[in-house]
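Visitor: Residues per chain are reported as follows:
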Amino acid sequence: MTGHAERAKEFVADEGRMHWHDQAVWFVRNKRDVARSFVPEWEELRSLGSQIKAHTLSRLPDYLEQFEKNATANGARVHWARDADEHNEIVHGILREHRVTRVVKSKSMLTEECHLNEYLEEQGIEIVDTDLGERIVQLRREPPSHIVMPAIHLKKEEIGDLFHDKLGTPVGLSDPKQLTEAARVHLREKFLGAQAGITGVNFALASTGGVVVCTNEGNADLGTSLPPLHIACMGLEKIIPSPRELAVFLRLLARSATGQPITTYTSHFHGPRPGAEMHIVLLDHGRSRILAREEYRNSLKCIRCAACMNTCPVFRRSGGHSYGVTVAGPIGSILAPHVDAKKHADLPFASSLCGSCSDVCPVRIDLHHQLLAWRGELASRGLVPLHKRVVSRVGAWVLARTWAYRVFGKLLRLLAPRIPNPWTRQRDLPPMPRESFRSQWRKRVRPR
Amino acid sequence: MSGRDEVLQALRRATPAEVPLPDVERLNAVRYPDVRERFAQSVVEVGGRCIQVEGALEDALRTIPEYAAARRVVSLVPGVAKANVDLAAVADPHELHDVDFCVLPAELGVAENGACWIVQHGVQNRAAAFLTQHLAVVVRADALVHNLHEAYARISIPRPGFSMWLSGPSKTADIEQALVMGAHGARSCTVLVAAAEGGLATTF
Numbered sequence: 001m002t003g004h005a006e007r008a009k010e011f012v013a014d015e016g017r018m019h020w021h022d023q024a025v026w027f028v029r030n031k032r033d034v035a036r037s038f039v040p041e042w043e044e045l046r047s048l049g050s051q052i053k054a055h056t057l058s059r060l061p062d063y064l065e066q067f068e069k070n071a072t073a074n075g076a077r078v079h080w081a082r083d084a085d086e087h088n089e090i091v092h093g094i095l096r097e098h099r100v101t102r103v104v105k106s107k108s109m110l111t112e113e114c115h116l117n118e119y120l121e122e123q124g125i126e127i128v129d130t131d132l133g134e135r136i137v138q139l140r141r142e143p144p145s146h147i148v149m150p151a152i153h154l155k156k157e158e159i160g161d162l163f164h165d166k167l168g169t170p171v172g173l174s175d176p177k178q179l180t181e182a183a184r185v186h187l188r189e190k191f192l193g194a195q196a197g198i199t200g201v202n203f204a205l206a207s208t209g210g211v212v213v214c215t216n217e218g219n220a221d222l223g224t225s226l227p228p229l230h231i232a233c234m235g236l237e238k239i240i241p242s243p244r245e246l247a248v249f250l251r252l253l254a255r256s257a258t259g260q261p262i263t264t265y266t267s268h269f270h271g272p273r274p275g276a277e278m279h280i281v282l283l284d285h286g287r288s289r290i291l292a293r294e295e296y297r298n299s300l301k302c303i304r305c306a307a308c309m310n311t312c313p314v315f316r317r318s319g320g321h322s323y324g325v326t327v328a329g330p331i332g333s334i335l336a337p338h339v340d341a342k343k344h345a346d347l348p349f350a351s352s353l354c355g356s357c358s359d360v361c362p363v364r365i366d367l368h369h370q371l372l373a374w375r376g377e378l379a380s381r382g383l384v385p386l387h388k389r390v391v392s393r394v395g396a397w398v399l400a401r402t403w404a405y406r407v408f409g410k411l412l413r414l415l416a417p418r419i420p421n422p423w424t425r426q427r428d429l430p431p432m433p434r435e436s437f438r439s440q441w442r443k444r445v446r447p448r
Numbered sequence: 001m002s003g004r005d006e007v008l009q010a011l012r013r014a015t016p017a018e019v020p021l022p023d024v025e026r027l028n029a030v031r032y033p034d035v036r037e038r039f040a041q042s043v044v045e046v047g048g049r050c051i052q053v054e055g056a057l058e059d060a061l062r063t064i065p066e067y068a069a070a071r072r073v074v075s076l077v078p079g080v081a082k083a084n085v086d087l088a089a090v091a092d093p094h095e096l097h098d099v100d101f102c103v104l105p106a107e108l109g110v111a112e113n114g115a116c117w118i119v120q121h122g123v124q125n126r127a128a129a130f131l132t133q134h135l136a137v138v139v140r141a142d143a144l145v146h147n148l149h150e151a152y153a154r155i156s157i158p159r160p161g162f163s164m165w166l167s168g169p170s171k172t173a174d175i176e177q178a179l180v181m182g183a184h185g186a187r188s189c190t191v192l193v194a195a196a197e198g199g200l201a202t203t204f
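The listed protein sequences derive, respectively, from chains A and B.
Here the numbering used here is used: the first residue of the first sequence is 1, the next is one more, and so on.
Here the numbering used here is used: the first residue of the second sequence is 1, the next is one more, and so on.
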């Protein structure tokens, strides 16, 4: 089985591309900082966001029932799915009932998580991702590498080649404006030909029974205002009490994600259009298990802004695909092991625990603490490879004994540059100091 | 047991002790010395254009090149001279695929992000707002608020119905972070801030 380190190795093999990716993602982090600087109450807003989510999670079943009641009153139909398979079956059932064979979908990481596209394609349904980045990776038959910018790992020349191959654009076209125009023309046809539109959900309002979808392109709106069937798929943690709380999250989301003060379109869907149908599918898929575990519960506060990825030194240099899951980066590394701890046991180690993720998180998730908690749990469940366990044991033993620390420090200063070390395959070891901090300090405090 | 009951039961077992809901209204949210000026600035920052309408709305619209060049025009603001598509007569939203220009009324504008609150109460074809090549949004000068908290305190969400914040033209930066206007929806968005005594209808 290949793990994060092996997949990251492929990514960093092209050093130029790795640095380019690092810069591209960091650029977005910078835009977030600028946007945040225009909101003097930002830190308070983050606390509010975190507290509202904590409250909502503490009353989640009540809010879901309230949401269901109000959504039904608005004329929508609410479905409940225990897991990804059930979710896909429900969506397919609705489409089958309406004899739908052509579907457009706006960006939804939840349907990526459920592999809905593959499932529907097997049933003979054409499903077209309409977010530009999502369409690009769909045409390449690969998963998104980033939850907000799905094609951030690709260069414009590669997209030009892809569009030439799939959409018939001229050879060598690489101007983002012209490529976007080509996609616009291609996807307009898909919008106009679709029999149903599937969207994700950014927020669901318990008090009004509505769902809120945020996009910059307008694809969720085109996809739901033309065909007579709208299916909105959401994780059940997307619920918030009322529009008053929504204001807090809308102010946090786009600023944290892309540095925009708000997305271009923030659409509030309360029931279907006249003559149309609207269905809402609520998905658990491990979320109730996370809720039950106090040390990990906060991860359900996530609003999927990707700020933790954009700031993460590991994500920026290893690329989203290296994580092998839909939601990558720090948040993905604490969510994925809940679904399959064995398969994703290496993800909580794909971090330097620098804590930058926790610093930028708009809902104050204690990301780096959870990464550490997972490491401990995985070790106690025997899911950590032997070499890591041995090194940790030896480290713990040494750090608990002053004399051993002194001896090992001396040994390592001498031997570290000579020991074969997998860590140095992609990086250089800094030069070893000639003497220990302890002796340097002694000289400073008591100079001879 | 049904999926619904099983999910709810699992959640009830997992739910922690109740955490109180914080009072959002206690937040001291950002306000600006000149709300109209800040709104106009935000509209430009999100890729739109902002026109302060001093005289007739039509005169202001005519200064927009895309309006001047448009052939198929939808307007949900009364009295727009070039409007020639009657949404009430459109049976199928697909008929709106070739709309060039659409004029929408907004109930509210938000200074912190240039967003306009646009509401559909159920009868008209909302597809026009998304299929159109270019958009204009008309908002009254006395309907501008500082931030989203104030905004949500003033609006009511139609149920059933569709409503949205619209902030600038459709855009994407999915190809190498290059910002491109006109991803799927409107290629341009002009916000017209009208003097208070316009008597504008604000829903469509």
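One or more hints might be untrue.
[What the hints assert, rightly or not] A partial selection of chain A residues facing chain B, derived with a Cβ cut-off under 10 Å: (1) E44; (2) H55; (3) A151; (4) V171; (5) L205; (6) P243; (7) V248; (8) T258; (9) S267; (10) A292; (11) L412; (12) L414; (13) L415.
If you are wondering where the hints come from, they were derived from the structure by calculation, not from laboratory data.
Nothing here was measured: the structure is a model prediction, and the numbers come from that model.
Just so it is clear, CB atoms sit at the ideal spot from N, CA and C, and this is done for glycine as well.
Visitor: Work down the list of hints and note, for each, if the structure agrees.
Guide: Hint check:
no., hint, result
1, E44, "holds, 6 Å"
2, H55, "holds, 4 Å"
3, A151, "holds, 6 Å"
4, V171, "violated, 17 Å"
5, L205, "holds, 8 Å"
6, P243, "holds, 5 Å"
7, V248, "holds, 6 Å"
8, T258, "holds, 7 Å"
9, S267, "holds, 4 Å"
10, A292, "holds, 4 Å"
11, L412, "violated, 42 Å"
12, L414, "violated, 46 Å"
13, L415, "violated, 44 Å"
Hint violations for this structure: numbers 4, 11, 12, 13, all remaining hints satisfied.
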